[in-house]
Structure formats: structure tokens, C-alpha cells
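Asks: Spelled out, the chains give:
2 protein chains.
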Amino acid sequence: MAALSFNLQYQDRGSKARAGVISTDHGEIQTPIFMPVGTAGSVKAVTQEQLRSDVKAQVILGNTYHLYLRPGLEVLERAGGLQQFTGWDRPILTDSGGYQVFSLAGTRKISEEGVTFQSHIDGSRHLFSPEYVMDIQRIIGGDIIMAFDECPPGGCEMDYAKKSLELTNRWLDRCFERFNSTPDRYGYTQNLFPIVQGGTYKDLRKQSCEYVASKNARGNAIGGLSVGEPEPVMYEICDWCCDHLPSNKPRYLMGVGTPWNILECISMGIDMFDCVMPTRNGRNAMLFTTNGIINIDNKKWEFDYSPIDEGLNNPYSNNYSKAYLRHLLKSKEYLGLTIASIQNLALYLWLVEEARKHIIAGDYFSWKTAMTERLKQRL
Amino acid sequence: MAALSFNLQYQDRGSKARAGVISTDHGEIQTPIFMPVGTAGSVKAVTQEQLRSDVKAQVILGNTYHLYLRPGLEVLERAGGLQQFTGWDRPILTDSGGYQVFSLAGTRKISEEGVTFQSHIDGSRHLFSPEYVMDIQRIIGGDIIMAFDECPPGGCEMDYAKKSLELTNRWLDRCFERFNSTPDRYGYTQNLFPIVQGGTYKDLRKQSCEYVASKNARGNAIGGLSVGEPEPVMYEICDWCCDHLPSNKPRYLMGVGTPWNILECISMGIDMFDCVMPTRNGRNAMLFTTNGIINIDNKKWEFDYSPIDEGLNNPYSNNYSKAYLRHLLKSKEYLGLTIASIQNLALYLWLVEEARKHIIAGDYFSWKTAMTERLKQRL
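Which chain is which? The protein sequence lines are V and F, in order. Numbered by the working numbering, the letters in the first sequence go through residues 1 to 379 in order. Numbered by the working numbering, the letters in the second sequence go through residues 1 to 379 in order.
Please note: incorrect hints may appear among the correct ones.
Copies of the same chain look alike in the list, so a pair counts if it fits in one copy or across any two.
[Stated by the list, open to error] Taking lysine-lysine pairs in the DSS-like style, the calculated list, with each CA pair at most 25 angstroms apart, reads:
{"no.": "1", "residue 1": "162", "residue 2": "299"}
{"no.": "2", "residue 1": "44", "residue 2": "330"}
{"no.": "3", "residue 1": "299", "residue 2": "376"}
{"no.": "4", "residue 1": "109", "residue 2": "162"}
Bear in mind the hints are in silico, worked out from the structure with no lab data behind them. Only a predicted model underlies this, so the values are computations on that prediction, with no experimental measurement involved.
Chain V extracted, bound-state conformation:
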């Protein structure tokens, strides 16, 4: 059993895009990669079999906040961790719960110690501290676990962002201290990734990148983007952070985004992504396809018996028709949620696989430009 390692294999000629392999004790991850979000131990409406065979997911994400509340730590610990519990045997990354807890505006309170919040399920009160969140993630058992940070609201003032970053940095020290003094739980190696914050302020971001880099972790993340700021600002900060983070470690951009956001940020040197967009939008009838965007609720698809997307290689995209999927979603049939989620996730995984091929071929930049135009089309 060995710590996570990153083998940077290829660099694109015309951009900062790169292709590599992350090795974990649960197997390898080809980068760039997209990670489906498995909130409470399940990628919504998709089975583990479908994730493997149809979506072709290599790593999935679990949400600490949700898993901590339900099924709870004892169930996960006695199961032998989240992989054993869910039957997903490939790598898992867990977030720190910070983002979810800060979203509970009104019911949470931040202090130096940590964050007090109320469960959305039963109203019970809990405290997440940096130390406790390390313990929790140790028990959940992700291969990659995330630092507990404060996520300042999008568009916050410089002064707030600065104070918030200072707190995040003090918490980061506490995270590493606890992480380094506690053992792996289940016989495989866990790896802690620190998170860059600093709002939309370049000097704060730079300072944060340097602090994060000083931890010499196995990988580094960029948080606090795609939280309401304009898209050009998001790109600018992402690019800036990539330039100030070590190039020999994987870079993970948290919670981003659309397919073209992903293509753009790959060109800046991001290696890992996660987002609820493919599953959430799919459940709301918005499909991402290899030819563009489909609002399957639209009456124009009522009699369209063509496959949902022949550009992908899975039976859901190839064998079910647009008219049938439209009917299922309008009738609130669960199968509609499943087909739409698989379509969108498979599109995201296909996209990063294609991106990798073009990085290796050295023509990523021109391919990205054409592909972005294609993906953004409204069909």
C-alpha cells in the first residue's frame, strides 16, 4: 500500500493542458478526469454497475456532511469504509463538508474552533472542527480527503476574503497536524489535499497557493470558484492559481462546471473536476450530448425516435430514443432520471477521455475550440 502518486505523462503543445495518471490503492485514474458526485453513498439514480460499465467512471466523490448524518460513522466504520459499504471498488474522494455546512445559512455559526450547524434531517446540533473532519473522513475512508476550509460567499469584499483565508490557513495547519498523527483505517492509504481560497483577489490567491504548496501534499485543490462570480473572472483566477501551484502534483478544481468550463480549465492545467451539474440537470430534463444541449421537455422531441446520443458508447444513449426519454421525464418515471443521468455523466467522462487523447496528440487547443462550439449548441 502506497501514498497517492502522480505521473505526468504528456503536456499539450499549444496550451497548459496535461495528461497523467494518478495511482491510488484502489487503482489508477487517467487524467484529466471528471468525478461523478455520489452525495450520500450513491450517484443519484445510477447503479454502481452502470457507473463502471456505462458511465466509465474512474473515481467518484462522497459528501462528508451527508454521510456523517446518514448512515453515520458507526455504520461506515463497521462496514470497513465507504467502498465496502457501497460496493464501489474504485477510488473515492470525500469533500470536507465545509461547502455544505456553509450553505446552511442561518443555522450555522463559525468560530475559531470550527462550525456549529444543525442537521437538515432532524435539526440536531453538531460541531465540525478541522480535527473532527479529519477523523470523520478517516472513518468514511476516501482515498483522497479534503481539508476543512471556510468558503467565503461569491463576490465578497477583500477584507472578508482576507480574514477568511487566514482562518482557512490556520485550519489547514490543524488539518495536517491531525491527519499526520492518525493512521489509515482500512489497510489502504488516504491522502489529504489542501484547498486554495482567496475569493477573486489575485494576491490572496497567490498567497494561498504558496501556503498550500508549502504543505507538500500529494495533490492540491482550488475551491471557492463558480460560486456566483462572472465566468471570465472564474477563468482568470483558475488560470492564475494553476500558475502558482506545483506542476508535479494533480490540481483539482472543485465544483466546476459545464462541459466547456471543463475544457477551458483543462487548458490551464487542471487535472480533476467534480460537479453535480450532469446529474442534477439531467433530472431536470437538460441533456448534454456530443452534438449540443437538448431540453428534452421541449415539444420538438415528442416524435423524435432517434437515439439520445449516438456519439457515446453505452446502451442508454444508443438504444433509448429522445421521444421515450421525454415521455419518461414528463411522466415522472424513475427510469427517466436514470437514463438522463447516465447520458450526462457518460458525456462528461467521454469528454475528458477525448481531451486526454488530444493532449497526447498535441492538438488540444484547436480541438477544444471546435468542441466547445459543438457542445454549447442548443439543439
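Guided by the hints, dock chain F onto chain V, whose structure is given.
Replies: Showing chain F alone in chain V's frame:
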């Protein structure tokens, strides 16, 4: 393309149970058989791939009332029928919509002509007549289509049941007249099954069986059971009807029931069953397993990491644990609905397959007694 045929292969030595093969233009059905209910063109929370590979369904049911309202006849007709529309390429049986329409108490009105009712979706008014229901089922395109009958309420008076049966018989004539004067739509043969009614009154049931038999259809159904009467009465009437229906045609008992109901009625000579119980109860945390009944909501399963049911041969029953399924259902994760539905459907299909083996072996009766005890156990 040929009309449905029934090859009665084996008769049990110790009961009236029988094993056969129904041949349709969409393939063969080994009997006795259970048909999962695919209400609006989807067996709820289960994909067509899972129905084929994991549930091992041979034929599924579609509901005329639901399909007529949504997606509607034009969508189904232009698709080339329900098989083309859904991608389910094995046989389909459609009900007549009668049962659903009569369930809309308060918003429906029965006359000699037919039944006027209001859509549960948009309140629009519609008339189902025997003729129109034949036309509708022609368009939906089931291999087996059902007569439009009145379903009297469970426990109704003799007088009501008699008048209702007379109406059902007049409607039956009109069904056959329309059916026989209209062509198959999509290049394969459709087959109309008449339905025995008569409440819990043996003389009415006998009269109905004789009337139904006189139509010389390819198969015959028994309706109006399991609608509130005591279980022993249901068994008595079912047995009575089997004795008065032709033995060389498949006998279909509509809407029944628990696994042990099915075993009991097989012993009387029933060949085909359908019921929403496996899927509906599954979604409500009640599991049928090869070892008995599980209420997976129960706290006793919280730390039970054993497979849901090792007695079945599919990855959902074998690879997911009771603790995980409990967590999914408590967290209202869609995956929980899928796993529970597959477990219960696979149990039903396994059960009729085992029944068939024991009919062939000639020891059905003793096997049924032991199996009933096992299945009814509360774990």
C-alpha cells in the same frame, strides 16, 4: 407471424399445476409466469436491461389507461408500438384500462356505451367504450390485449354482480366484434383475452367461464379477485374458475398477489400472473427474499452487511448489503428503489421458474407447502 399458441407440456401429479410454453411473435414464455407491471411504458425504477438480465422477465404488462393519457396514441403509433417505443423486445400484455378507470371513483360514469372518466393528469374528459379500447390496444400494440369489462367492487351484492356481469358480457361481444374486424397494426399478431367476472358468486362465475370459453380465444383471464374479499374466498373462486375454463388455453389471474398466493393459484391451474406488489412494496421497504420477508426499514438491519439475498442470481441481490439498501431507502436515494424493485421482481421470477421445475419433477405440491412456509417467514 402466427397467433398465440399454448403448448401444455407437463401436469403435476399431486395438484392441478401445469407447465407449458406460450408462443408469441415476440418470443416464447415459459409458464407458469409472472409479468412485471410496466405502468406507463416503464417498470418503475428498473431499466429494460435489468429486466432482461437481472429480473429475467419474459413478458411485461402495460397499462392502457396510463399509456393512452401519456405519451398518447400518436406517439405510440408513430413509434411502431410499445415495444419499439420502449426498447423492450419481448412480449407485452396490455390491460384494458377498465380497472384503472373504475378506480377513479367519483369522476367516472358507467353507461351501456362505456365509461366516461376524467384524466388524473389534467382533468380532461374521455370515453372508453369496448370498441375504442380495442382500437387503443391495437395502437399500443401489445401481443396480448384484454377485453374491456366492468370490475364490480369487492364484496358487492349478488344483484349488482349479476347486472355487472351481463354488461361485461355485452361488452365482450362488442370487443370481439371490433377486434375481429380490425387488422394487426405492426406486422405481428395481437391476441384478445376475455375476462371472467361474477364477484364471489359461483353460479355467476360458472356462467361467466362458459361465456368466456364460448369465444374460443387464445387465452382466458380471471378478473375481479383480490379486490377485498377474504383470501380463502379468493382461492375458492379461483379454483372454481380454473375448473370451468378450457384446459388447453393459458389461464391468467389478474392482479394477484403475494408470492404464496401465486404458488397456491398455480396449484389450481393458473399459468399467468401480474401484480404491482413486488415493485410497490419494494419501494416501501418491504422485501421478498428466498428466506422470507424483510422490512428493511427495521433498525435490526442497520449493521447487517450480508447480501440482500444470496438465493437469487443477480448482482443486486448478491452484491449489495442489507445495511446499504436500508441506508439508501431511508435517505430516499433512487438507487434504493431500483435495488428493492429488482430484488422483489427477481424473487417472483425465480419463484415461478422453481415452480415450473417442480411441476416437471412432479413434486409441486409438497414443494409448494414447504416454500410457502419459508417465504411467509418474517426475518
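Asks: Run every hint past the structure and note whether it holds.
Replies: How the hints compare with the structure:
no., hint, result
1, 162 with 299, "neither (50 angstroms within a copy, 47 angstroms between copies)"
2, 44 with 330, "both (18 angstroms within a copy, 14 angstroms between copies)"
3, 299 with 376, "within (20 angstroms within a copy, 48 angstroms between copies)"
4, 109 with 162, "within (19 angstroms within a copy, 71 angstroms between copies)"
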